[in-house]
Amino acid sequence: MSGYLPWYAGAAALALVAVGSCIVARRPLGVSGILSRMVNLRAELEADRARAASARLSEAELERALLAATLEAFGPPPPAGWAAAATASAAPALGCGSEVLLPAAALPARGGRACKGTCASPAVRPSVAAHALFLAGIVVGGFVAAVLRGGFHLTLDMGPDFGRLLGTGGRGLAFLALGGFLAGMGVTIAGGCSTGHGLSGCSRLQPASMVATATFLGAAMAVSLLLAGRLA
Amino acid sequence: MTARYRTHLELGALGTLLGAAASAAGFTDFGQLHRMFTLGESRLFLTFTGAVVLAGIGFAIHCRGAGMPRRPLTRGTIPGALLFGAGWAIAGACPGAVLAQIGEGKLAALVTLGALLAGIAVGNRIKGRAGIDSGSCGA
Chain Y
59 MSGYLPWYAG
69 AAALALVAVG
79 SCIVARRPLG
89 VSGILSRMVN
99 LRAELEADRA
109 RAASARLSEA
119 ELERALLAAT
129 LEAFGPPPPA
139 GWAAAATASA
149 APALGCGSEV
159 LLPAAALPAR
169 GGRACKGTCA
179 SPAVRPSVAA
189 HALFLAGIVV
199 GGFVAAVLRG
209 GFHLTLDMGP
219 DFGRLLGTGG
229 RGLAFLALGG
239 FLAGMGVTIA
249 GGCSTGHGLS
259 GCSRLQPASM
269 VATATFLGAA
279 MAVSLLLAGR
289 LA
Chain C
91 MTARYRTHLE
101 LGALGTLLGA
111 AASAAGFTDF
121 GQLHRMFTLG
131 ESRLFLTFTG
141 AVVLAGIGFA
151 IHCRGAGMPR
161 RPLTRGTIPG
171 ALLFGAGWAI
181 AGACPGAVLA
191 QIGEGKLAAL
201 VTLGALLAGI
211 AVGNRIKGRA
221 GIDSGSCGA
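So the protein sequences, as listed, match chains Y and C.
Residues are numbered in the numbering used here as their position in the first sequence, beginning at 1, plus a constant of 58.
Residues are numbered in the numbering used here as their position in the second sequence, beginning at 1, plus a constant of 90.
Please note that a few of the clues may not be correct.
[Said to hold, decoys possible] A few chain C residues facing chain Y, derived, Cβ under 8 Å:
#: 1; residue: Gly-121
#: 2; residue: His-124
#: 3; residue: Phe-138
#: 4; residue: Ala-141
#: 5; residue: Phe-149
#: 6; residue: Ile-168
#: 7; residue: Leu-172
#: 8; residue: Gly-195
#: 9; residue: Ala-198
#: 10; residue: Gly-209
#: 11; residue: Ala-211
#: 12; residue: Gly-221
Simulated from the structure, these hints should not be mistaken for lab results.
Beta carbons are placed, not taken as given, at the ideal position from N, Cα and C, and that holds for glycine.
So that you can see chain Y by itself, here it is in the shape it has in the complex (with noise of 0.2 Å):
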């Protein structure tokens, strides 16, 4: 008895969130990513503000400096008819997937819904307070698992298989410490962790994902092996 949902529904689930988060935040589902900008939390916040201030520009602002620009590079203006001519030669230009930079402001507020495939513009980027809530809504998800299958109450026990294979006491923490110290050197070299690399990687079959997820899945059930005993 595991009491866990079967691998379908959990399956369901996780699909579930990389695809909305990929929706709402335009940007592929990376726990490890979002745990980096904390730990960089000042670098961070200042990239926040310098976003926000460029996001305050007003439309009517963006259009005067993007006529001065255009001025500047291509001389006045023909009298009529030069603004159809204008879009009509830059719209496929600004196409759908396109990474042209412009303020967050400037982009339709829903992108990902409004036009397929920008998912992930580089200029519009969650703030570190919206990714702080998705990383509480972590810890208020397990909260809620917990309590539904009737298993909350603090303990400083982590099961019994890890009890019984790397120990109890402060031997256990201190393997907790070895482990979480390099998964968390391991994510930030390789650029991803289960979720960045195995999840939404995999799912958009990028090479590098493929061969992280088989390496670090590998490197696990070494591990696993050795620990359970059966190598060496």
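Chain Y is fixed; fit chain C onto it per the hints.
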């Protein structure tokens, strides 16, 4: 409500769903993970691969891959993944699951989280020194 706060709310809800799904599927349980890694049980492995396939279908319908960032293979991809795999097997937690473990009341996971954040800080330094630009994990 402005779009800005809508994103806050939606990300909070998605985080809650992720934490609940990870916990309810068993990704926060060392024993379940250990049995997946030692091929003792297939349920969690099926959950993971099933999620990848379903998300792939979702991305194919919604985004068609256009404009989505590529994930470059760097010098850090394989060594980093080796370290992460080892850490995942030892601590029984990936970066998302450790937060859900804290929510479940597993106080020892606070140690895992502290070490994970320290590992991220050290990893960033190593990446900077080695000149590896793998981007971040999609955030």
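Against the structure, the hints:
1. The criterion of a C-beta within 8 Å of any C-beta in chain Y is met by Gly-121/C, whose closest approach is roughly 4 Å, and the hint holds.
2. With a least beta-carbon distance of about 5 Å to chain Y, the hint placing His-124/C at the interface is held under the 8 Å criterion.
3. A cut of 8 Å between beta carbons decides the hint on Phe-138/C: the least distance to chain Y is about 7 Å, and the hint holds.
4. The criterion of a C-beta within 8 Å of any C-beta in chain Y is met by Ala-141/C, whose closest approach is roughly 4 Å, and the hint holds.
5. Because the beta carbon of Phe-149/C sits about 5 Å from the nearest beta carbon in chain Y, less than 8 Å, this interface hint is met.
6. Against a cut-off of 8 Å between C-beta atoms, the interface hint on Ile-168/C holds, since the closest Cβ of chain Y lies about 5 Å away.
7. Interface restraint check: Leu-172/C against chain Y, minimum CB-CB distance 5 Å, threshold 8 Å, status holds.
8. This hint holds: Gly-195/C has a C-beta 5 Å from the nearest C-beta of chain Y, less than the 8 Å allowed.
9. The restraint placing Ala-198/C at the interface with chain Y holds, with a minimum CB-CB distance near 5 Å, inside the 8 Å limit.
10. The beta carbon of Gly-209/C is positioned within 8 Å of a beta carbon in chain Y (closest approach about 2 Å), and the interface hint is therefore held.
11. Checking Ala-211/C against chain Y: minimum C-beta separation of about 5 Å stays under 8 Å; hint holds.
12. The restraint placing Gly-221/C at the interface with chain Y is violated, with a minimum CB-CB distance near 12 Å, outside the 8 Å limit.
Checked against the numbered hints listed earlier, the structure breaks hint 12 alone; every other hint is satisfied.
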